[in-house]
Amino acid sequence: MLKRSPLYELHKKLGATFTEFAGFEMPLYFSSIKDEHLTVRRTVGLFDVSHMSNIWVTGKEAEKLLTLTTIEDASRIKDGMSQYTAILREDGTIIDDVIFLHLGDKYMVIPNAGMDEVVTKWFNEKAEEYNIDAKATNVSKDFVILAIQGPRSRDTLQKLTDVDLKTVGFFACRYAKVAGEECILSHTGYTGELGFELQVTPTDIAEHIFTSILEAGEEYGIKPIGLGARDTLRLEKCFLLAGNEFEGGHTPLEAMLSWAINWDHEFIGKEALLKQKEKGDYPRLTCLECIDRGIPRHGCEVQKDGKKIGVVSSGTMSPCLNKGIAMAYLDPGYQEEGLEVDIIIRGRSVKAKVVKPPFVKQDWLKTHGG
Amino acid sequence: MVEIRDDLKYTETHEWVKVNDNIAVVGITDHAQSELTDIVYVELPEEGKEVKKGDELCVVESVKSVSEVYAPVSGKIVKVNKALEDTPETINKSPYDDGWLVEIEIKDKSELENLLDAEGYKKII
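Protein chains in written order, with the working numbering: chain S, 1 to 370; chain A, 371 to 495.
Excised from the complex, chain S in its bound form (with noise of 0.2 Å):
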């Protein structure tokens, strides 16, 4: 049995069509994924992301839980501040990248589809045996999460709060009134362009806030966006996805996450990551652009000279560059930017060179048009 959005039968009247990701089923796409995939970069797109997890850490000593399970150390992200992290293992591997809010004496923690029962735990336990005094609970099913995204998704969300929204910078969190209705905003997305994201509870009052945007949007030409264009807009930007970048197990060094290690505090899974650091020897995810016309896919060989150096976690056709791009983990040493590798895909080998991430630059659209 299937979990649906509370706001499903909204996105059927809107003529989506269905995937199943996470256990959940959810909008593939309205339109197309192409279509709505150049929306979002190019005005404004609507995102329902309910599938996603809800957590809310409290107690006295809540800073300090989120210090020792993941890669940050909380006290740097002031009340109003919000921070991607990962949480570890104590070898060092990724449980989920995740994103908390601070927001007064509580956390809001968002973890992936799916990972609510196993971070939720993991917390708990970790608190318990480490004698923590916080209190993780799963708040999943109480909470809608919606994410506007795109050069005019200010504008539009503008329209329903009285909340500047230019005074919410980046990773900035509070709560506000949208569309009448209190929720939490964050300056904060999955696409690399600007945008808020709003967890919404209860999910009732969901609804109103989602057409009510898609009205303010109107005069944009805003659309409701589905879970493909999600993953290509992510992947154009080098973003992970649980499930591809981390399945099977790998440490932040791997997976183009150093930067988000703060390494002046205890965590768990220091130890290992310090280890690791030190033998280098760690396979690396690298971004991959196509040469040769061909579309790689997740789990295609990446081959130097005809030996084996990686596999493919993510690929798609860059519906901005109209080429094939991958994110894949390859041996260290070939990440050397312009180094040309081979992509198999479907026997067939597929010429690609290892670029800087992201494949799509910032300024995208100002040479390509409005």
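Bear in mind the hints are in silico, worked out from the structure with no lab data behind them.
Just so you know, even glycine gets a beta-carbon here, dropped at the ideal spot from N, CA and C.
Treat the hints with care, as some may be off.
Here are some chain A residues pointing at chain S (derived, C-beta under 7 Å) [said to hold, decoys possible]: (1) ASP408; (2) VAL410; (3) VAL433; (4) LYS434; (5) SER437; (6) GLU438; (7) TYR440.
Add chain A to chain S, keeping to what the hints say.
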């Protein structure tokens, strides 16, 4: 409303066939392209290749999926629609006309009898 043309033959795997003497022009149906949505890549076979009915003829890819197209008849591939390499989306826009995939020189005309007509295809979609 997907389009089904009366003057074509069809397969259960959503290919259409237009018979011109001993040449079979092959493509995918309007139903098939609408299920795939944006076709972003087509891998056409080599001209001159021999295929048997039911063999994989070529591959059509959307952003999210890879779809095999099967040979509705046996024969030699005499022509492929090279224009699709640059504009694969033609298949979405014009699945029965500009979006044709290959032309096969038919080896055994009796194989055509096993194909569905428009009515028969309508029933299965």
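We went through each hint and held it up to the structure:
At its closest, the beta carbon of ASP408(A) sits 4 Å from a beta carbon of chain S; the interface hint therefore holds under the 7 Å criterion. The beta carbon of VAL410(A) comes within 4 Å of a beta carbon in chain S, closer than 7 Å, and the hint placing it at the interface holds. With its C-beta approaching chain S no nearer than about 4 Å, VAL433(A) sits inside the 7 Å limit, and its interface hint holds. With a least beta-carbon distance of about 5 Å to chain S, the hint placing LYS434(A) at the interface is held under the 7 Å criterion.
Against a cut-off of 7 Å between C-beta atoms, the interface hint on SER437(A) is violated, since the closest Cβ of chain S lies about 12 Å away. Checking GLU438(A) against chain S: minimum C-beta separation of about 10 Å lies over 7 Å; hint violated. Look at TYR440(A): its Cβ only gets to about 15 Å from chain S, farther than 7 Å, so that hint breaks.
In this structure, the hints that do not hold are numbers 5, 6, 7, in rising order.
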